[in-house]
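Here the protein sequences come in this chain order: B and Y.
Under this note's numbering, read the first sequence as residues 1 to 236, first letter to last.
Under this note's numbering, read the second sequence as residues 1001 to 1553, first letter to last.
Treat the hints with caution; some may be incorrect.
Said to hold, decoys possible - What follows is a list of derived Cβ distance ranges for each label pair:
1) Glu183/B to Thr1504/Y: 39 to 47 Å
2) Ser1021/Y to Ser56/B: 57 to 65 Å
3) Gln79/B to Gly1406/Y: 44 to 52 Å
4) Gln1174/Y to Glu131/B: 55 to 63 Å
5) Glu1262/Y to Thr6/B: 42 to 50 Å
6) Glu131/B to Ala1261/Y: 27 to 35 Å
7) Asn105/B to Phe1468/Y: 35 to 43 Å
8) Ala1261/Y to Thr192/B: 32 to 40 Å
9) Asn1206/Y to Asn107/B: 45 to 53 Å
As the list claims (entries may be wrong) - Computed footprint of chain B on chain Y, listed as stretches where at least three residues anywhere in the stretch have a Cβ under 8 Å from a Cβ of chain B:
10) 1473 to 1479
11) 1505 to 1515
Stated by the list, open to error - Here are some chain Y residues the structure puts well away from chain B; computed CB gaps all over 12 Å:
12) Tyr1193
13) Trp1362
14) Glu1429
15) Glu1439
16) Lys1443
17) Asn1461
18) Pro1551
Quick caveat, the hints were computed from the structure, so don't treat them as lab data.
In this text, all values refer to a predicted model and were calculated from it rather than measured experimentally.
Note that the Cβ used here is the ideal one computed from N, Cα and C, for glycine as well.
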Amino acid sequence: MSKTLTLNGQMISAREGESILDAARDAGVSIPTLCHMNGVGDVGACRMCLVELAGSGKLVPACTTKISEGMEVNSDTPQLREYRRMLVELIFSERNHVCAVCVANGNCELQDLAIHVGMDHVRYDYLYPAENVDVSHPMFGMDHNRCILCTRCVRTCDEIEGAHVWDITARGIKSHTITGLAEPWGEVNTCTSCGKCVMACPTGAIFKLGATVAEMEKDREKLAFLKNARERREWV
Amino acid sequence: MQDEVATLLEKTASTERMAQSRYSQRIQVCMGTACMALNSEQVKTALEHAVIENGIQKQCQVQRVGCPGLCSLGPMLRVIDKTITAEANEPRETLYQQITPEVAPAIVTSLTPAAQPTSALDAHRCEVADTFFKRQVKVVLEHCSHIDPERIEDYIAHGGYRAIQSVLTEWTPQRVIDSITKAGLRGRGGAGYPTGLKWATVAKANSSNGKKYVICNGDEGDPGAYMDRSVMEGDPHRVIEGMMIAAYAIGASQGYVYVRAESPLAAKRLRVAIRQAQRAGLLGNNIAGSAFHFDIELRLGAGAFVCGEETALIASIEGGRGQPRPRPPYPAESGLWGCPTLINNVETFANIAPIIDKGWEWYAGIGTAKSKGTKVFALTGQVKTSGLIEVPMGITLREIVFDIAGGIPNNRQFKAVQTGGPSGGCIPEKFLDMPVDYESLAKVGSIMGSGGMIVMDDSTNMIEVARFFMEFCMDESCGKCVPCRVGTVQLHRLLSKFVDKTATPADLIKLEGLCKLVKHTSLCGLGQAAPNPVISTLNYFREEYEQCLKPSP
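From just these sequences and the hints, can you work out the full model?
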């Protein structure tokens, strides 16, 4: 069954049971998102995709709200734009998002979103928390300074890989992503090192080792080894 | 078989009444948390010893009861003396306050036949009782402080489980729902959603596996609020009976009571009550010989405030992290383990049995047009007599603060009353004559809430009040959504600037903008209501904020 609804004054069609977000994207209307990721369940936590329902004027997350016949949705009002900008400002004020020295600089959804909503400065106090960087895993690293607690890694690891290495501990501003039972990532033996969390992370919080500044290691012995192998047929 | 339960109730009631009538004198000691913290347990032991020493154990009974309400004057006890009749042949009842184990024997001595008039007890006679109780109407708390909460026999002797017995034998579920709807009962957890409508929605919801659940929300966490705790401590069977009636009406077979571990006494009394009801055959399979099965499990919460939010509470019962999720779907449609779930507050359930027993017409006769019945409030702050009160809806704030609580102590002036805890607002003096009901409170920017009521005098700094509640919300935010997790921290920092008098006019604009953001974009009620104390103090006490601005250079 397909349904018809109005999005920003335009009539659009949608499948029954579809979310407002999917229907909008089908119709070519982009709604900014951060915690949403295709392929994993939605939690409606970042509040970036809030849209306004006509009539009640209520704001609902487009990712978790199902469409209904005759629904009138506004995804782009001056008020929503202001709220989105403020939300991005709040995220930037929460942790230490320093793009210039971030592994994801230029490839970051948070950075893109900040540009999209026109956030040129942050009006709130930076909280400058003291955060750790966990590089105990042989292949990957976790930089809590960049984490925005979107839980995309948690859901990816749980729903796709089935390992549930990631989760959240504590509450409020003290919330933290953890691996295993709050152990160093390298010591978590349920981690399959599949790297899906690296793909899922919207920022530079979870990254591949070897990708950051001053991490390149060179193996110059290899050249001598190759020469020796070729000339003397010695492979050790 | 159905008659068997009726007989059982009748027999238990008459045996209990007979056992109680053997005593001509009764001393009822409050064993609620507040009085127990003030040694009421030792008072009770001292009384029991004194009764034996004076050789009057055959006529005088020392009884444990729930909270009578005058919590600031504890330990409280009531002496009922049938040997002396007061007006209209009623036995004489005397309330005593601030009783210590040392004073206790004097009370027993005064009850002996050879008692001499003494002035030793004069200082302990409760003088404020008349004014304190005069305006109150006890429906939810009618048994609290009159029965022993740990004895099912006492509850049955006071008419307990009569409602569920008649519902099971004579009523259809539809008739139960209709009665609750017509009674006009609204959810006592804070939002005031019509209870009958909620029940009807769950009753009509389809369950994929045929299961439905009833949850009693006892996760009371507002600062200064202890209404639900007192009900669970003082009359746990009343809550169980309400849940049973609800389960019958919606077709549920399993119930959960969610109590926070910080209320150990409430949890203990409920556990005892559930076991007693199971033994009496009132919980379990084929209750009262009918096809109705229902059992209740107690779940302890770890004390996160957000678990009072229904979806977070359900997640917590399921064993998950206590975090809310976006609604819809509402629990009525998809709640505990994906099944239709009815979730009501403790006080709501405590209202059910009397509505069934005395009829919806009686209940609808109390209160205002849109808010029926009574409301229990925990009255705290700068009032002469604080404590637990139950008043009819529509009573004015002035009556509560000045008539019941005796006004403001130390010759100070009334400034504001805060209702609804961290989700509510501050109501200034100009609204003192406003009736207390859901709509009126919402109109002035506060909420009914679960029933916390904090009175403040003119020495109170309203910005500090707002900051206190913001700090509470900041600590209790679950951290799931951005506006609540970060917004409350930024609001707290801004408020601190005002308290420190370092705020600029730009901060005032920021404060208002941020309040709006957090209110409108947060995921659940905690965040959506977190700015309310700031918004209401900005509305009514704006000059205090303006006075705190840093002088421009």
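Inset, instruction - Starting from the hint list further up, note which numbers the structure goes against and sort them upward. - result: Those not satisfied: there are none.
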